[in-house]
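K.L.:
Given chain L, put chain V in place with the hints provided.
Residue numbers (this note's numbering), protein chains in the order written: chain L, 1 to 410; chain V, 1 to 410.
Not one of these hints is a red herring.
One copy or two, either will do: identical chains are not told apart, so a pair holds if it fits within one copy or between any two.
Below are the DSS-like pairs computed for lysine-lysine, each with C-alpha atoms no more than 25 Å apart in a straight line:
1) K225 / K144
2) K341 / K376
3) K341 / K296
4) K97 / K385
5) K144 / K51
6) K341 / K317
7) K296 / K322
8) K116 / K385
9) K364 / K385
10) K73 / K27
11) K364 / K97
12) K196 / K116
13) K97 / K116
14) K196 / K73
15) K243 / K73
16) K51 / K88
17) K116 / K50
18) K322 / K385
19) K317 / K296
20) K144 / K88
Derived from the structure by calculation, the hints contain no laboratory data.
Owing to the predicted nature of the structure, the values given are computational and were not obtained by experimental measurement.
There are 2 protein chains.
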Amino acid sequence: MTAEILAVGTELLLGDTLNSNAQYLSKELAGLGVSVYHHTVVGDNPVRLKKAYADAFSRADIVITSGGLGPTKDDLTKEIGAEYFGKKLVMDEDALKTLESFFTRIGRVMTENNRKQAMMPEGALLIPNNNGTAPGCIISDGGKTLIMLPGPPRELNPMFEERVVPYLRERSDGVYVSRILRLCGVGESTAEDMIKDLIEAQTNPTIAPYAKLNELTFRITASAKTEGEALALMEPTVAELYKRFGDNIYGEGNNLSLARVVVEKLIEKNMTIAVAESCTGGLMASALVDIEGSSKVFLEGLVTYSNEAKINRLGVKGETLKNHGAVSCECAKEMAVGVAKLVGTDIGIAITGVAGPDGGTDEKPVGLVYAAISVKSNVTVNELKYTGSRQRIRGRACMATLDMIRRALS
Amino acid sequence: MTAEILAVGTELLLGDTLNSNAQYLSKELAGLGVSVYHHTVVGDNPVRLKKAYADAFSRADIVITSGGLGPTKDDLTKEIGAEYFGKKLVMDEDALKTLESFFTRIGRVMTENNRKQAMMPEGALLIPNNNGTAPGCIISDGGKTLIMLPGPPRELNPMFEERVVPYLRERSDGVYVSRILRLCGVGESTAEDMIKDLIEAQTNPTIAPYAKLNELTFRITASAKTEGEALALMEPTVAELYKRFGDNIYGEGNNLSLARVVVEKLIEKNMTIAVAESCTGGLMASALVDIEGSSKVFLEGLVTYSNEAKINRLGVKGETLKNHGAVSCECAKEMAVGVAKLVGTDIGIAITGVAGPDGGTDEKPVGLVYAAISVKSNVTVNELKYTGSRQRIRGRACMATLDMIRRALS
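One chain only, chain L, in its complex shape (with noise of 0.2 Å):
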């Protein structure tokens, strides 16, 4: 089977939006086993639009698209990929009344142009869309499949993975298994380097590692007759990952994140946590909370940016500030003490820091951070080091941290 992706929207063209998604449905189709050739970008313009459906299909048995089922005018892949199969757009009750309670919830009035997006070829299959007003659907006919997806990756991607993904393993022979594993604290190089002969000797299963943000994941893929097969097949490779990296595979799976591992451990140990933050400035906090079900576990936050409310708030000592400054080792210690104390939970997290660009010195540069977690009253202390942007440093400390949170309540 081989796939084609079709992005549709002349923001794209322009450079002002990513086309993630060509990335994202490529790592999904290549672990389902279908083949892609091609990436596709063109405009919001018919002329153009018709001739990339045709030069599509007359490659691949499957055309994937991504945007242009907004309810605007410019929005037009739902109508030319109509056109193309002869196909007329008719009025789809399920999705107008989805659409309807839709605009009802936000408290919005739904505008004739909405009523658009509940239009759908004759016959397609349609796909629900929870998170945004552009239904997906597919059209099948003479061998031919397009689906067609609205932009926005929030809506996409879980779109594919609810719809999508069981319409095409109905469809495949042979299945194709993955498995993701998560990996933190350790470099991408490194990790490459770690695992270089697996790569090059891999046939069946295969190995793709794949990085972002201090975070690195590994999707091992096997094909074989049936599911149990295939696990079968790639339990020897993900057990040569398992005894090379140890913990630093933190969890797997793809909707698995550090912060969610973070939230479950605390909820199974029935700890409570709070923390302090100074150059995350919230980010931490709001990992946390992210993950459903974090109030039980997560007491409070304080974003302590000033030197005041390290003293005011968490019990910093002047004499501390003074010394040693608000980025030192000693000062993240009293912050992680001082936050535990003032809210009364069982953890305390501290991250300190000079995210730049502006506020480095030779003794403490842009990128320095400290990090302090204290366990009932135990603290330890990680000092960082990173390069970049402010928000990459932001993120990377924030990731680092989360990973000393697992480790120590492992």
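P.N.:
Chain V only, in chain L's frame:
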């Protein structure tokens, strides 16, 4: 002048690499007034690559490739490109010398493979690479131009800026200039309805709307002989947009954000701010801290996630929580006033809501959020309603609250 971007590499089709070069090049080309109507990605396959060159040149004057200039057998971009133009590859002595000194500098041995990287199509213009081993080149013949650049962005970007931009500027007639207006507090479809007539009548300048997380931008682009003429040409359109959208337009420019406008206004007015967050859990504090220089005005943030934290830290009355609940207009008010008083700031901000997926009731459904702002003890509260995931609700609530602050400061 029209150009296409052709990225070459199987790693892109497997989803292992994100095609960020297409975005970078598109943005740069838009700024130069070069129209881009297609992006394409093909793998390291000679047949498909040759066809991709033919297709791209059938549509565009210029094709810019990224990737496939490496030393291995898989790297074919230059070979197939030269073949397309009927040119032989010959050793370029300048390129070879640069390559040799590069290897001396990094203390590594140059392999026979690397010599291949110094082979250039006859008559091509060399583009030196100061950050890697693969030089780029430009072939121009019969009105068609092929610009070949290496894949890694840290190599491609400076090569494009230093060599390709001047090359294209010399050959383009006229100038394209864009202005980007940034809006908030108005929905995408409402906004598009409001400018339908302008979009339909547009030729030069053009208006391109684009929406993301509670924010909307209009990109207005005009072409003329000089920058001054282009700016003058778009002035009436820009003025009309300001007339129609008023203070929903919060600023202009590609790198502006609502958080930046808020921090800059606070600095300008010499006012301090503290925030108390429940459902957004640090997102608002983090958005402010993300802006360089925010430490001048942002003093402290409290993530008062539990009821105890709201009472103990902010002085919210137990009675208020009992009678109205934590997600209420009353609680938001007391939180905003409380945090301003506690920290001693001019402005206090509070956000409390039901982020979901659990915890919603008929009376207080998931997505209900109260945002309060206290400016020198005058309190305003907004009731907000959102749908979607926990992450989306939190993000939208944060943006809407930033907009409240902006309007309060105007």
